[in-house]
Amino acid sequence: MPDIVKIGFVGIIGAVLALQFKSQKPEFGICIGIVSSILIVSLGIGKLQGILELLGRMKNYLGDTHPYITILIKVVGITYICEFCSGICRDAGYGTVAQQIEIMGKVTVLLAGLPVLLAVVEQMYLFI
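The numbering of the sequence shown is my numbering, which starts it at 228 and goes up by one.
It is worth saying that the hints were derived from the structure and are not from the lab.
Do not rely on the hints blindly, as some may be mistaken.
[What the hints assert, rightly or not] Computed list of lysine-lysine pairs in DSS-like fashion (alpha-carbon distance at most 25 Å, straight line):
(1) Lys-249 - Lys-301
(2) Lys-274 - Lys-252
(3) Lys-274 - Lys-286
(4) Lys-274 - Lys-301
(5) Lys-286 - Lys-233
(6) Lys-249 - Lys-233
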């Protein structure tokens, strides 16, 4: 719980500082928003280690299906990165760029998930 409190404080302080500078120097407000976002992500990165350890243990139990866990990790990573980057672009006033990032993220997720779809189709073909 203390980590989420730190993340909350960084977010609130970053937003208040960005609002203070936004009226006089908009570029400073954008930079403060980006720095606070990076601080929040860096505080949350430590939690990923525990998740990766649990997924590693799941790989041991699953045997041959572990490539699907790798695909799952990639897809989740892609969505988080795209959401983070599009949020920064949207806050900076570049909504069109944010939309393009989201579209390309969706295409990348689709491409990453195609092996799973292929495996499902192969299994269906074997049962027919």
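ask   = Keeping to a limit of 25 Å between CA atoms, is the pair of Lys-286 and Lys-233 held or broken?
value = 32 Å, violated
message = Hinted pair, alpha-carbon criterion (25 Å max): Lys-274, Lys-301. Please report holds or violated.
response = 17 Å, holds
request  = Sort out whether Lys-233 lies within 25 Å of Lys-249, counting only the CA atoms.
outcome  = 24 Å, holds
inquiry  = Can you confirm whether the C-alpha distance between Lys-274 and Lys-286 stays at or below 25 Å?
reply    = 19 Å, holds
query = Straight-line Cα separation of Lys-274 and Lys-252 no greater than 25 Å?
reply = Answer violated: Lys-274 to Lys-252 is near 35 Å, above 25 Å.
query = Does the alpha-carbon distance linking Lys-249 and Lys-301 stay inside the 25 Å limit?
reply = Status violated; Cα separation ~36 Å.
Going down the numbered hints, you'll see the structure goes against 1, 2, 5, while the others check out.
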